[in-house]
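**Student:** Those protein sequence lines, which keep their order, are chains A and B.
Residue 389 in our numbering sits at position 389 of the first sequence; the count goes up by one each step and never skips.
Residue 47 in our numbering sits at position 47 of the second sequence; the count goes up by one each step and never skips.
One or more of the hints may lead you astray.
What the hints assert, rightly or not - Below, computed lysine-lysine pairings styled on BS3-like, alpha-carbon distance capped at 30 angstroms:
no. : chain 1 : residue 1 : chain 2 : residue 2
1   : A       : Lys188    : A       : Lys260
2   : B       : Lys19     : A       : Lys51
3   : A       : Lys51     : B       : Lys57
4   : B       : Lys66     : A       : Lys41
5   : A       : Lys70     : B       : Lys71
6   : A       : Lys345    : A       : Lys222
7   : A       : Lys51     : B       : Lys71
8   : A       : Lys61     : B       : Lys71
9   : A       : Lys61     : B       : Lys42
10  : A       : Lys41     : B       : Lys42
11  : A       : Lys58     : B       : Lys42
12  : B       : Lys57     : A       : Lys66
13  : A       : Lys204    : A       : Lys222
14  : B       : Lys42     : B       : Lys9
15  : B       : Lys66     : A       : Lys51
16  : A       : Lys41     : A       : Lys51
17  : A       : Lys76     : B       : Lys57
18  : A       : Lys66     : B       : Lys71
19  : A       : Lys58     : B       : Lys71
20  : A       : Lys345    : A       : Lys198
21  : A       : Lys70     : B       : Lys42
22  : A       : Lys62     : B       : Lys9
23  : A       : Lys90     : A       : Lys76
24  : B       : Lys42     : A       : Lys62
25  : B       : Lys66     : A       : Lys70
26  : B       : Lys42     : A       : Lys51
27  : A       : Lys204    : A       : Lys76
28  : B       : Lys57     : A       : Lys41
29  : A       : Lys41     : B       : Lys27
30  : B       : Lys42     : A       : Lys66
31  : B       : Lys71     : A       : Lys76
32  : A       : Lys305    : A       : Lys269
33  : B       : Lys71     : A       : Lys41
Think of the hints as simulated: they come from the structure by calculation, not from any bench.
This structure is a prediction, so every number in the text was calculated from the model and none was measured.
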Amino acid sequence: MLVLRLWNYMRGYVIIRVQGLTLERFINICMARDIYLWDVKRIDNTTLETKISIEGFKDLKKIVRKIDCKVSIFEKHGYPFWIHRLKKRKMLLLGAFFCFLLLVFVSTFIFSIEIAGNENVEKAEIISKLNNLGFKPGANRCFINLRKLENQLLLEIDQLAWVGVEIKGIKAKVEVAEKILPPNKIDKDIPCNVVAQKNGVIEKVITKSGHAVVKEGDIVKKGDILISGIIQLEHIGNSIPVHSYGDVYAKTYYEAMGEKNLTEIKEKKTGQKFVKKILNLGNVELSFNRGKIPYEFYIVEKRSKKLLQWRKIGLPVELIIEEYYEVNKIEITVNEVEAKNHVHKEALDSILEEIPFEAEILNTQIDFTVKDGVLYGKVIIEALENIAVQKTLQIGED
Amino acid sequence: MWENGGIKKGLAEILELPKDIILDLPKIIMIGNLQIYIENHKGILEYTDNRIRINTKNGTLRIIGKNLMLKNIVAEEIFIVGEINQVEFID
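One chain only, chain B, in its complex shape (with noise of 0.2 angstroms):
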């Protein structure tokens, strides 16, 4: 409960804080499944046509599409377009 993250948890949420900002965590947005928007993100692990994985705070996003792009990329977003069709945490 009193480990490093539970007393940030705790206080974002008692001052409804932003918790991308307290916590560290990615901020995904996704449009359809055309695009993906990944700020705050650790760096590429991975990249293919139809494989991404990107390293996070709480692990390694993953996402698995068709005909993926990197339409921009910059130390704090990456913006990927293309067909896409899975987005998990994998640890």
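Excised from the complex, chain A in its bound form (with noise of 0.2 angstroms):
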């Protein structure tokens, strides 16, 4: 009957109070003269409540002064009668026009800018930049051509591929790509040194030009100059700069540790379960049940279900249950060799991204210890790679 009684607010009703010896003829005649009562309830022997509406309150007049009863309003509900308070006060309706208006005007200001995507890039130097084409927290958001500030940014910052600048709200994101610059080539006729850049004891040198200041077998530092660009001619005592390049091939060592526990946790379902509603209403997380999980362990299983769900448009309200699985928790003692298998290549995956592509391995070593019931391991990679580097030779700095 919900429909009826939003019916029934909509048009309005007052509850009455009417006082009188013959209340069951007051109830016989309304019924007479088809004005609706609803809800009637008898308070006292002489007193009876009922629900009427506004047309059928204002027919009563008549009837009252028929038989002997008194009639009197003891609440009013309904829309119309809020309206006509509203019109009382004119004043506050205006207000609260005022206060959307202002709310409206206010968000159209931008308060916070985040940024995503930048690595190389400092995102103080894009949101100096931002601030200088105008955006910043504070700037409204009509006056900004956000195609246009894109281009801008662009051009400011040589490192950027591609901007995207977002307003959500008042909150603007700008997503940034950044360029993969190519390795700096040096011209031919600038001067420099051969650097080494990476640790290692030296192999081979080729050196095509330069002067080369390390061999075989020498220990190297990653900065180390191999190759000097600066050739001193002893028979006119002097040095003269040059663009040195060569191969130097050295022998590198790449380390990585691995560990695994012996005896492992499992956990394992008792069939105790224990679930948990939560209504989300947008940011809002309304909980069903309140009160702690009864289990000291347990694992968490979650659900949650949409409310008219299409692609990705739906109403932003989500039921989500959890279910909490009592476990109990087993140690299990892990096989020796298969745990060494495991941290191996736990240890190898974790080294092997740092090896160049083009370098050559020469030796894997692999050393197994196990202290307090935990496996280490350590894997130790020997390659061969060409370390050489060129830098570019600072005049006057030696």
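Two independent chains are provided; combine them into the complex using the hints.
**Tutor:** Okay, here's the thing in structure tokens:
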């Protein structure tokens, strides 16, 4: 009967109290005159409480005179009364309207800027560039041409390949993609040194230009000069800078650690279950079941049901059902061979990314140690690779 | 046998017509002891918290209960809610 109640609310009704001795007669006359009464309640011997529509109440006046009854309004309900009250307070309505306008106006301003996708370019740099272009917290979005801003930012910062600016409400999201710059080639007539890219033991030096300062068996650190670009000319007693280049092969070592517990704790479900239901309305979470999870150890499984979902658009109403399964913890001793394999694989996986593709792997070695029930594995890979990299010579540095 | 009610009653039986219409009798529907719905009544005689008397064609209908409330009342029908204990016709 919700529809009926809503209908009554929209039309407006009053709760009246009728006092008199012939209340049955009052009801009968109302019925005869088609005055609709509902929720009739007897308060005491001489009093009756009933709901009646506004029109019905107006018609009541004639009846009241006829029979000896006293009618008084107890409560007023419904939309017409509400409107009537509002009409008296026009300023309140005006205030609400302006409040709404203000809210709409204020929400056109940008409140915060979020930057995503930058790796090498500093966030502060992007923000300061954006600020210079007039895009900052407090700026009105109506006056900003996003496409133009994107292009300008691309021109300002060279490292960026793409910029996407998106405004969602009061939040601006700037997404950038950086260019992958090619390795900087040094021009042939610029003097330079050849330096070590990595630590290693020199195996072979092939100097094509310049003066080799290392020989086979030398241990070099990252940044050490391998082939000098400064050639001393003994008979002149002067030095001239040249563009040195060459290949320097060295043994490099890569190290990685892996570990695994030899006793593993496995969780086994006992069959006990505790269900928690959460209603998610936008950002508000309403939990139906209060109280703590009655288990010490448990596994959570989450399921969510969305209402009226069509592709990605839907009502922001979501029912999350969390099922907590009670578990027992069981200690299991892991097979050592399996554990070693696992550790080995883990260590190798972490190391292989570091080794360049061209490097030749000479030797791999793995040491296992067991300490406090944990298996540690140390993998050392010996590789042969070209560690030479050119670096511009600063004239006047030496 | 041939008095006024008898002919109508016989006619209603032969033609299988609903008796509440032909004989102008009340139609009473009860839902458990919670609700009672009376169609075709002839007005209220008494209404208190625990007793309601309603006039009908074939006598007075008396309803006894607790916290009785007239949920809905129009010329043709009365809808009573509350805890109903007794429903009886008294002449």
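**Student:** For every hint, state whether the structure bears it out.
**Tutor:** Against the structure, the hints come out as follows:
With a C-alpha separation of about 52 angstroms, the suggested pair Lys188/A and Lys260/A falls outside the 30 angstroms cut-off, and the hint is violated. Proposed proximity of Lys19/B and Lys51/A is contradicted: the alpha carbons are some 34 angstroms apart, above 30 angstroms. Taking the CA atoms of Lys51/A and Lys57/B, the gap is about 28 angstroms. The hint holds against a cut of 30 angstroms. This hinted pair checks out: Lys66/B and Lys41/A have alpha carbons roughly 12 angstroms apart, not beyond 30 angstroms.
For the hint pairing Lys70/A with Lys71/B, the CA-to-CA distance comes to about 22 angstroms; that is within 30 angstroms, so the pair holds. For the hint linking Lys345/A to Lys222/A, the alpha-carbon distance of about 28 angstroms falls within 30 angstroms, and the restraint holds. Distance hint between Lys51/A and Lys71/B is fulfilled; the C-alpha atoms sit about 10 angstroms from each other, no more than 30 angstroms. As the CA atoms of Lys61/A and Lys71/B are separated by approximately 23 angstroms, the hinted pair is consistent with the 30 angstroms bound.
Between Lys61/A and Lys42/B, the direct Cα distance comes to roughly 24 angstroms. Compliance with the 30 angstroms bound is thereby established for this hinted pair. Distance check on the hinted pair: Lys41/A and Lys42/B sit about 20 angstroms apart at the alpha-carbon level, within 30 angstroms; holds. Among the hinted pairs, Lys58/A with Lys42/B is consistent with the structure: their alpha-carbon atoms are about 25 angstroms apart, no more than 30 angstroms. Simply put, Lys57/B and Lys66/A have alpha-carbon atoms about 27 angstroms apart, close enough for the 30 angstroms limit, and the pair holds.
Between the alpha carbons of Lys204/A and Lys222/A the distance comes to roughly 17 angstroms, so the proposed pair stays at or under 30 angstroms and holds. Restraint check for Lys42/B and Lys9/B: the C-alpha separation of about 20 angstroms stays at or below 30 angstroms, so the hint holds. Simply put, Lys66/B and Lys51/A have alpha-carbon atoms about 21 angstroms apart, close enough for the 30 angstroms limit, and the pair holds. Restraint check for Lys41/A and Lys51/A: the C-alpha separation of about 9 angstroms stays at or below 30 angstroms, so the hint holds.
Distance hint between Lys76/A and Lys57/B is unfulfilled; the C-alpha atoms sit about 38 angstroms from each other, more than 30 angstroms. For the hint pairing Lys66/A with Lys71/B, the CA-to-CA distance comes to about 25 angstroms; that is within 30 angstroms, so the pair holds. Distance hint between Lys58/A and Lys71/B is fulfilled; the C-alpha atoms sit about 21 angstroms from each other, no more than 30 angstroms. About 25 angstroms separates the Cα atoms of Lys345/A and Lys198/A, which keeps this hinted pair within 30 angstroms; it holds.
For the proposed pair Lys70/A and Lys42/B, the alpha carbon gap of about 25 angstroms is at most 30 angstroms, so the pair holds. Of the pairs offered as hints, the one joining Lys62/A and Lys9/B is violated, with about 42 angstroms between alpha carbons and a cut-off of 30 angstroms exceeded. Proposed proximity of Lys90/A and Lys76/A is supported: the alpha carbons are some 21 angstroms apart, at most 30 angstroms. A distance of roughly 22 angstroms separates the Cα atoms of Lys42/B and Lys62/A; the hinted pair therefore holds under the 30 angstroms criterion.
Distance restraint check for Lys66/B and Lys70/A: the Cα-Cα separation of roughly 26 angstroms lies within the 30 angstroms cut-off, and the hinted pair is therefore satisfied. A threshold of 30 angstroms between alpha carbons decides the hint, and for Lys42/B with Lys51/A the separation of about 22 angstroms falls inside it, so the pair holds. Taking the CA atoms of Lys204/A and Lys76/A, the gap is about 101 angstroms. The hint is violated against a cut of 30 angstroms. Annotation: proposed proximity of Lys57/B to Lys41/A holds, straight-line Cα distance about 26 angstroms (limit 30 angstroms).
About 23 angstroms separates the Cα atoms of Lys41/A and Lys27/B, which keeps this hinted pair within 30 angstroms; it holds. Between Lys42/B and Lys66/A the alpha-carbon distance is near 21 angstroms, which keeps this suggested pair within the 30 angstroms criterion. Annotation: proposed proximity of Lys71/B to Lys76/A holds, straight-line Cα distance about 19 angstroms (limit 30 angstroms). Proposed proximity of Lys305/A and Lys269/A is supported: the alpha carbons are some 25 angstroms apart, at most 30 angstroms.
This hinted pair checks out: Lys71/B and Lys41/A have alpha carbons roughly 9 angstroms apart, not beyond 30 angstroms.
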